[in-house]
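Next come the chains, spelled out residue by residue.
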Amino acid sequence: NAGVTQTPKFRILKIGQSMTLQCAQDMNHNYMYWYRQDPGMGLKLIYYSVGAGITDKGEVPNGYNVSRSTTEDFPLRLELAAPSQTSVYFCASTPVSGRAGDTQYFGPGTRLTVL
Amino acid sequence: AQSVSQHNHHVILSEAASLELGCNYSYGGTVNLFWYVQYPGQHLQLLLKYFSGDPLVKGIKGFEAEFIKSKFSFNLRKPSVQWSDTAEYFCAVNAQGTYKYIFGTGTRLKVLA
Numbered sequence: 001n002a003g004v005t006q007t008p009k010f011r012i013l014k015i016g017q018s019m020t021l022q023c024a025q026d027m028n029h030n031y032m033y034w035y036r037q038d039p040g041m042g043l044k045l046i047y048y049s050v051g052a053g054i055t056d057k058g059e060v061p062n063g064y065n066v067s068r069s070t071t072e073d074f075p076l077r078l079e080l081a082a083p084s085q086t087s088v089y090f091c092a093s094t095p096v097s098g099r100a101g102d103t104q105y106f107g108p109g110t111r112l113t114v115l
Numbered sequence: 001a002q003s004v005s006q007h008n009h010h011v012i013l014s015e016a017a018s019l020e021l022g023c024n025y026s027y028g029g030t031v032n033l034f035w036y037v038q039y040p041g042q043h044l045q046l047l048l049k050y051f052s053g054d055p056l057v058k059g060i061k062g063f064e065a066e067f068i069k070s071k072f073s074f075n076l077r078k079p080s081v082q083w084s085d086t087a088e089y090f091c092a093v094n095a096q097g098t099y100k101y102i103f104g105t106g107t108r109l110k111v112l113a
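The listed protein sequences derive, respectively, from chains F and D. Residue numbers for the first sequence follow the numbering used here, so the first one is 1 and each next one is one higher. Residue numbers for the second sequence follow the numbering used here, so the first one is 1 and each next one is one higher.
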C-alpha cells in the first residue's frame, strides 16, 4: 500500500490564483481530513469527509472547498489564493472515526506559498 | 469544546537525558489519546496511543506515555533520548464516537549530540 499520497509537494502561487491540492489513499478508509499546519499553531482542521459524497467544514474552512466523489480521493481547492493561506497542508485518513484507538494516517504534506 | 495544551514549546536536551513532555486536554467524556511525531522534512506518524486498559502505554523507539484521568493528562516520556529523537511532537485527542481529532500546538525537541 502507498498509504496517503499528496501532490504537489511544493507550490508557489500568486495572489488571486487558484489551485487544487490532491490527496489519495489506497487503504479503503472512510474518513478523510485536510489540515493546515502553521508554525507554533499545531494542526487546524479545514474540511473532513465521512465517505464518498459527504463533506463538512472543520475549524478553518474559509477560502477552501472540497469534494469527495470516490472513497480514494479527497482534493482541496483554493479558489482565490491569499497570503494567509501560506502554510503546509496535510491530508489524513482513518478507517472509521470514533472507534477505539483509530489512528490517523498522514500524507507527506504540500508546502504552499502565496506571494 | 475540546482543547489540548502542550506547555513545552521548545525543549533542548543532551543525549542520554530523560524526557517528559506535558499534554493536558479538556473534555469530560471518554477519549482516545495519541502522540504523533514529525521528524524534520517528514510527515506525522504515530508514536503511541491510548484508548482503554492499562493507562501506561508503550510506543515505538522506547517512548511511553501515561494517561492520568483525574488530571486530564497524557504525558510523554523517554528515559534516555538520542540525537535521532530531534523532532516535533504533537499530542492529540479524539472524543470517542466523533470524527474530530484535536491537536496540541506541538513541542519542538532538539537533542544535542
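Rather than coming from a laboratory, the hints here were simulated on the basis of the structure. Mixed in with the good hints, there may be bad ones.
[Said to hold, decoys possible] Capping the alpha-carbon separation at 16 Å, the derived lysine to aspartate or glutamate pairs in EDC-like fashion look like this:
no. : chain 1 : residue 1 : chain 2 : residue 2
1   : D       : Lys100    : D       : Glu66
2   : D       : Lys58     : D       : Glu15
3   : F       : Lys14     : F       : Glu79
4   : D       : Lys100    : F       : Asp56
5   : D       : Lys100    : F       : Glu59
6   : F       : Lys44     : F       : Asp26
Because the structure is a prediction, the values reported are computed rather than measured.
Note to self: Just to be careful, I want the Cα atoms of lysine 58 (chain D) and glutamate 15 (chain D) compared with a cutoff of 16 Å; is the pair within it?
What the structure shows: 21 Å, violated
Item checked: Restraint status (C-alpha distance of lysine 100 (chain D) to glutamate 59 (chain F) at most 16 Å) -> 10 Å, holds
Next item on the list: Given the hint that lysine 44 (chain F) pairs with aspartate 26 (chain F), test it: the Cα-Cα distance must not exceed 16 Å.
Entry: 24 Å, violated
Check: Is the straight-line distance between the alpha-carbon of lysine 100 (chain D) and that of aspartate 56 (chain F) 16 Å or less?
Finding: 11 Å, holds
Notebook entry, point to check: Given the hinted pair lysine 14 (chain F) and glutamate 79 (chain F), is their alpha-carbon gap at most 16 Å?
Noted result: 12 Å, holds
Next item on the list: Could you grab the alpha-carbon distance between lysine 100 (chain D) and glutamate 66 (chain D) and see if it respects the 16 Å cut-off?
Entry: 22 Å, violated
Taken one by one, the earlier hints fail for this structure at numbers 1, 2, 6, listed in ascending order.
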